[in-house]
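Undergrad: Read top to bottom, the protein sequences are chains A and B. Going letter by letter, the first sequence gives residues 5 to 244 in my numbering. Going letter by letter, the second sequence gives residues 201 to 459 in my numbering.
Worth flagging that the hints you see were computed from the coordinates, not collected in a lab. Since the model is a prediction, treat every value here as computed from it, not as a measurement. Glycine included, C-beta positions come from ideal geometry on N, C-alpha and C. Warning: the hint list may mix true and false statements.
[What the hints assert, rightly or not] One side only, chain A facing chain B, incomplete, derived with CB under 10 Å:
1. I55
2. D78
3. D206
[Stated by the list, open to error] Which chain A residues stay away from chain B? Per the calculated CB distances, all over 10 Å, these:
4. V40
5. T51
6. R71
7. R91
8. L119
9. G171
[Unchecked claim] Going by beta-carbon spacing under 8 Å, a handful of chain A positions derived as facing chain B:
10. R29
11. N82
12. A84
13. P85
14. F86
15. R93
16. P94
17. E130
18. I132
19. P195
20. G198
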Amino acid sequence: MGYGDVQMIDENGNRIDGRKAGDIRPIEIEMGVVPVADGSASMRWGTNYVIASVYGPMEAHPRKIQRQERAVLDVRYNMAPFSTTDRFRPGFNRRSREISKVTADALESVVLLELYPRSKIRVEIEIICAEAGTRCVGLTAASLALADAGIPMTDMVVSVASGKINGVVVCDLNKEEDNYGAADLPMGVLPNTGELVFLQMDGDLSPSEFQEAWDYNMEAALKIHELMKEAIANKYGGAQ
Amino acid sequence: MAQPLVPELLRAHLTELATRDQRADGRGQWEGRELSVEVGVLDRAEGSAKVQMGDTIVFCGIKFQLQTPYPDRPDEGGLMTSAELRPLAGRHIEPGPPSPESIEIGRVVDRGIRESGCINTKDLCIIPGEKVWQVIIDCFAISDDGNLFDAFGLAAIAALHNATLPGERFDVGEDRKLPVNKTPIMCSYQKVGGRFVYDSNREEEVGGDERIHITLGEDDHVHSLQKGLKGVFSASEFVEIMDAAKQRCAELRKIVDSL
């Protein structure tokens, strides 16, 4: 069955889970879920469930990976074997490796690495339950875990994707929409400046559809940022 | 695993505490940490459990696959257990292929479940000689503050009791509850400061010696044993921890059976 064959939006513009085109799935954030880590956070986003933990700054070894002027960021994205409908065979694969790399590239753009020369910061992202958009949830959860670890950053990273189903541009695709969707545009936004540190896209979008997807992501990122600030304030107090 | 900077000082401290019948976190010799067990916590698994023992947190997810039975056992399904120690769960865990430690844990958990007979592999038969279920038990650590063995063992049996065979999704009949007839329970003891204690935390693991894992089934039947790490123990020490295990396994079995 190709995309377009399955009706995902009704005549009133309601999606199969009842959302409108620009709505995001429900999000729940919990800070400090890994007690032995220096920082951690979990996000339930739709039926995605992602845990991120941070260790460090710590001594970078072997020494050949050390950088004299800054810390190195060691980021791993991994899917748990029970995170998908068919069991996910454990072990690193090309997809995980790519996502780990682009996530590291995004986080390196905000973490003040130059404060920790010759050291290493480990960021571990585990997808416990996958729905759709796990890379976005992983990147967002990782920035929360870095904040929980007290590692200085210029901004949080909020990541969200928009896409296209049945010719309609919609925000934050769920599993069914992702399976039959015709395009996917994940972005990583710095909410305080509106700059981007992460961008991918695949599929087919016209210039106007692309603009619409871009705007949905920007709008959603600001909403998610409010939830993130609230979760951090709940744990650490301070002005919201 | 990364070594602590001052293991000898830690060992001396734990030994000194042991002479006064004390433990670093104030527990008694046979006292476990605060425990919670939840089931049905993972949306994509056919059965699941989350176990928390102090700051040790683990998940277990049950998945099923169809497979062709072995020619010599045409009406029996399969069982597989894996334990993953991802670097998420502790600074001492290195990334990379499965470590000998994680393989040992997976195999010890597997033996307790397999040998207890809690899963009758004939219950997993769909078409003799053609199609049987394979049960896959995936243990996954979120936070390792010691004694992953017991946490995984408990999560695994709780998740099995919670599991449903997904017949409809695989187009081989209706969904039905996975038959689990028994509740094997593992209890682990580690020698710390010259004496055995129950449910060692990470500090005691680092500053301790050998550990012994005991899996007991109904009526105190022994289903698996494992001695790990360097160290010697006497027959009388073993009798002592076996008595402690009988009592603790019965308590834990009640908790799992009441879920």
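Undergrad: Hints first: check each against the structure and report whether it holds.
TA: Hints and how they fare:
1. I55: 6 Å, holds
2. D78: 8 Å, holds
3. D206: 23 Å, violated
4. V40: Non-interface label fails for A:V40: nearest chain B Cβ at 5 Å, not farther than 10 Å.
5. T51: 5 Å, violated
6. R71: At about 19 Å from chain B, A:R71 clears the 10 Å cut-off, so the statement holds.
7. R91: Its Cβ does come within 10 Å of chain B, the nearest being 4 Å, so this is violated.
8. L119: Answer for A:L119: holds, closest chain B Cβ roughly 20 Å.
9. G171: 30 Å, holds
10. R29: Violated: closest Cβ of chain B sits about 13 Å from A:R29, beyond 8 Å.
11. N82: 6 Å, holds
12. A84: Since chain B brings a Cβ to about 5 Å from A:A84, closer than 8 Å, the hint holds.
13. P85: Holds, because the Cβ-Cβ distance from A:P85 to chain B comes to roughly 4 Å (cut-off 8 Å).
14. F86: Where the cut-off is 8 Å and the nearest Cβ of chain B is about 3 Å from A:F86, the hint holds.
15. R93: Result: violated, 10 Å to nearest chain B Cβ.
16. P94: 6 Å, holds
17. E130: 5 Å, holds
18. I132: 7 Å, holds
19. P195: Result: violated, 26 Å to nearest chain B Cβ.
20. G198: For A:G198, the interface hint is violated, since the closest Cβ of chain B sits about 31 Å away, which is over 8 Å.
Taken one by one, the earlier hints fail for this structure at numbers 3, 4, 5, 7, 10, 15, 19, 20, listed in ascending order.
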